[in-house]
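A.B. asks: If you want the building blocks of each chain, they are given just below.
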Amino acid sequence: QFAWAFNKSAFEAKSIADAVKAYGGAAPAESKDVTLTAPDIAENGAVVPMAAASSLPGVKHLLILVEKNPSALVAKFDVSDAIEPNLATRAKMGQTSDVYAVAITNDGKAYYAKKEVKVTLGGCGG
Amino acid sequence: MRIRAQSQGGNAVVRVLMSHEMETGQRKDSAGKTIPAWHITNVTATHNGKPVLNAEWGPAVAKNPFLQFTVKGAKAGDKIAVTWKDNKGDTRTDEAAVS
Amino acid sequence: RWASADAATASNRLYDVPRFGNVSLLHMTDCHAQLKPIHFREPSVNLGVADMKGRLPHLVGEHLLKAAKVPAGSAEAHALTCLDFEQAASRYGKVGGFAHLATLVKQLKASRPGALLLDGGDTWQGSATSLWTKGQDMVDVCKLLGVDVMTGHWEFTLGMERVKEIVEKDFAGRVDFVAQNVKTTDFGDPVFKPYVMREINGVPCAIIGQAFPYTPIANPRYMVADWEFGIRDDEMQKVVDEARAKGAQVVVVLSHNGMDVDLKMASRVSGIDAILGGHTHDGMPVASVVSNKGGKTLVTNAGSNGKFLAVMDFDVKGGKVVDYRYRLLPVFANMLPADKEMDALIRRIRAPYEAKLAEKLAVTEGTLYRRGNFNGSGDQLLLDALMDVQGAEIAFSPGFRWGTSLLAGQDITREWLMDMTATTYSYATVSDMSGEMIKTVLEDVADNLFNPDPYYQQGGDMVRVGGLQYTIDPTAAMGKRIGEMRLNGKPIEASRSYKVAGWAPVAEEAAKAGNKPVWEVVEQWLKSRGGKVAARSPNVPKIAGALPNPGFI
Ligand SMILES: [Mn+2]
Ligand SMILES: [Mn+2]
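Chains as they are written, first to last, in the numbering used here: chain U, 1 to 126; chain F, 1 to 99; chain Z, 1 to 553.
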């Protein structure tokens with residue numbers, strides 16, 4: 001069984017870079033080998049589907065982050081040989097923000113994909 | 001927990017719905033007092049007893065959390081178990097067979 | 001020539017549509033439950049920004065006529081534009097009406113054996129009778145009309161259970177309700193069939209449904225709490241590929257995305273022959289041709305309020321579409337006799353409500369209409385009523401694109417008032433809002449309308465505003481479009497509180513607050529006018545940055 005570890009400083013980090021750093025990752029670079037799946041507009045800001053995937057070799061962690069949340073980090077997944085490096089969850093968003101998927105590799109490098117997800121007040125229509 | 005594990009191309013796609021408030025610690029009650037954070041901090045999964053997934057979650061994961069992952073080489077009938085633990089120390093484990 | 005000809009000459013050969021090819025699809029959309037002929041004024045403002053500037057559907061008035069090669073003054077010009085609206089409306093008479101539409105459908109089906117009738121949605125909402133019968137009136141007329149396949153948007157505001165009831169019971173074996181982008185919120189299971197395969201003259205054709213992707217945002221989410229929507233290009237591609245793999249020689253998407261979204265989707269998904277679209281209520285006289293990596297996709301939009309029926313004819317040879325003809329036919333009640341059977345059904349449906357519908361609340365001295373990016377005189381009437389009756393200094397009215405038009409001198413009946421306001425959540429609200437919040441609301445809606453990326457647009461018009469003056473730059477970035485907000489000449493203060501009236505709130509709490517329906521508030525105002533309502537001059541913002549624009553006259 002895994003040890004129950006919880007990296008408090010990662011989940012209190014205000015920026016993407018600080019959260020990545022808390023897991024030993026360098027300043028993240030944009031990469032086509034990381035995929036973030038998220039909607040253009042959140043249907044419900046309290047439940048926004050997000051998935052992170054990577055085709056890079058040697059990925060240790062996959063992170064999902066929302067830049068403008070009070071703390072950026074939503075979830076950290078450890079990637080093992082037993083699972084595909086493709087994980088999905090649903091997150092809360094208080095406002096329109098860039099959402100990041102970050103892959104941290106065994107050698108401490110970090111790569112990201114990002115996308116703006118709009119959170120709107122709603123109520124109009126054709 | 002509701003777990004659905006479906007075999008797909010030699011793997012099993014596992015989707016999980018957990019029941020948890022996931023209180024952020026940012027909200028205030030009607031009296032103006034901050035409602036303390038109460039959220040799942042850790043999630044693990046096993047395939048026929050062997051650990052396959054380890055995750056840390058913060059309070060920004062949505063209420064009644066959803067998780068999807070794909071277990072390589074899992075076949076119909078294999079057992080997938082998912083466990084969560086929250087910041088109050090509560091934990092829960094549920095199991096499903098791959099269909 | 002057209003302007004001086006009599007109406008009969010000006011409409012000559014309008015319905016003379018020679019058959020072409022071997023696969024025909026008839027497309028209606030966004031009728032908003034208008035069973036009877038009405039007037040409907042097309043917009044004079046439909047701005048396109050960024051890549052959409054100057055392109056269909058963002059052309060109005062003579063700019064649209066030029067693109068469509070339609071002569072000014074003709075019956076078709078009246079159907080497509082707001083030019084000389086009062087005069088042309090008197091000359092050509094009312095448009096739409098299911099009895100007249102039924103005649104046209106029968107005529108076209110007779111000339112095109114095997115043709116399917118597709119309904120793009122926004123069919124079960126928009127009138128008093130559809131609200132009072134929970135959409136049953138429209139369900140019954142659509143079955144008689146012979147709708148084959150349908151998708152939806154406002155339908156969902158009847159609630160999940162009612163939609164399922166209609167789809168599973170009333171429509172069973174008759175009408176296929178398709179929507180590839182509606183899934184359950186738990187495990188993402190499909191709620192409706194993603195597509196249907198129908199054989200037309202021996203040619204297998206797939207009709208894929210695309211429901212309005214932003215239903216839970218534009219309308220109350222609690223009404224569709226267990227369903228999620230979304231655009232989902234990758235899943236659309238999978239459905240197209242599956243249909244092709246199963247032998248479809250024609251693949252058509254029946255879409256309620258809105259036209260800008262359809263144009264973008266057509267550029268990103270390959271293998272679709274045509275996207276027959278709705279939601280943005282654009283009466284498109286020609287098909288737009290979009291290139292993508294698989295070839296070309298046609299994109300059309302068939303207007304609103306029962307005003308048009310579109311005809312897409314495909315010539316399918318050697319297993320694929322080799323050519324097409326597209327026509328958008330206006331439904332003129334004076335030029336198409338009422339179908340007897342449909343007329344009788346409509347009379348039966350309306351009989352219990354007829355007296356209530358016909359009640360005259362006042363006479364309007366000016367044209368009343370809604371459509372346009374910023375405001376219309378019909379919305380101004382609602383705004384004036386909401387402010388007067390409730391003592392509010394500012395009012396907001398949603399940028400809906402449905403609602404019928406009245407000519408100067410016509411009666412304002414309860415039926416018209418309901419045509420403008422009938423939804424399942426039309427509560428009238430009054431709330432205290434800070435100047436900052438008012439700005440936030442205007443910016444939010446402006447971005448839904450003018451975001452340069454169509455996938456961030458929701459397809460309504462700008463919220464209509466009473467009392468407040470402001471400037472808008474549609475070309476500016478999100479959060480920076482609105483400026484110079486003033487009330488009675490004084491600048492709006494960010495921290496001051498203002499009394500703001502509104503209606504059709506999407507929040508669930510608002511539905512439980514016990515507020516009156518908006519039509520009661522407006523009716524009270526209309527009845528206090530002494531029988532006459534003076535012409536309304538719409539309060540519109542000053543536009544900065546986007547003009548001149550062929551979407552503005
Ligand atoms: Mn509509
Ligand atoms: Mn619509």
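Misleading hints may appear alongside valid ones.
[Claimed, not checked] Straight-line C-alpha distance at most 25 Å; calculated DMTMM-like pairs for lysine to aspartate or glutamate: (1) F:Lys63 <-> Z:Asp226; (2) U:Lys68 <-> Z:Asp453; (3) U:Lys21 <-> F:Asp86; (4) F:Lys88 <-> U:Glu12; (5) U:Lys32 <-> Z:Asp234; (6) Z:Lys169 <-> Z:Glu199.
[Stated by the list, open to error] Taking beta-carbon pairs under 10 Å as the criterion, some of the chain Z residues facing chain F (in silico): (7) Asp186; (8) Tyr353; (9) Gly391.
In short, the hints are calculated from the structure, not lab data.
The beta-carbon is built from N, C-alpha and C at its ideal position, and this holds for glycine as well.
A.B. asks: Hint by hint, note whether the structure agrees.
C.D. replies: Checked hints:
Annotation: proposed proximity of Lys63 of chain F to Asp226 of chain Z holds, straight-line Cα distance about 15 Å (limit 25 Å). Proximity of Lys68 of chain U to Asp453 of chain Z is assessed by CA-CA distance (about 21 Å); at most 25 Å being required, the pair is judged to hold. Distance restraint check for Lys21 of chain U and Asp86 of chain F: the Cα-Cα separation of roughly 24 Å lies within the 25 Å cut-off, and the hinted pair is therefore satisfied. Of the supplied pair hints, the one linking Lys88 of chain F and Glu12 of chain U holds, its CA atoms being roughly 18 Å apart against a limit of 25 Å.
About 17 Å separates the Cα atoms of Lys32 of chain U and Asp234 of chain Z, which keeps this hinted pair within 25 Å; it holds. At roughly 24 Å between alpha-carbon atoms, Lys169 of chain Z and Glu199 of chain Z fall within 25 Å of each other, so this suggested pair holds. The closest approach between the C-beta of Asp186 of chain Z and any C-beta of chain F is roughly 6 Å, which is under the 10 Å cut-off, so the hint is satisfied. At about 43 Å, the closest approach between the beta carbon of Tyr353 of chain Z and any beta carbon in chain F exceeds 10 Å, and the interface hint on this residue is violated.
Look at Gly391 of chain Z: its Cβ only gets to about 29 Å from chain F, farther than 10 Å, so that hint breaks.
Checked against the numbered hints listed earlier, the structure breaks hints 8, 9; every other hint is satisfied.
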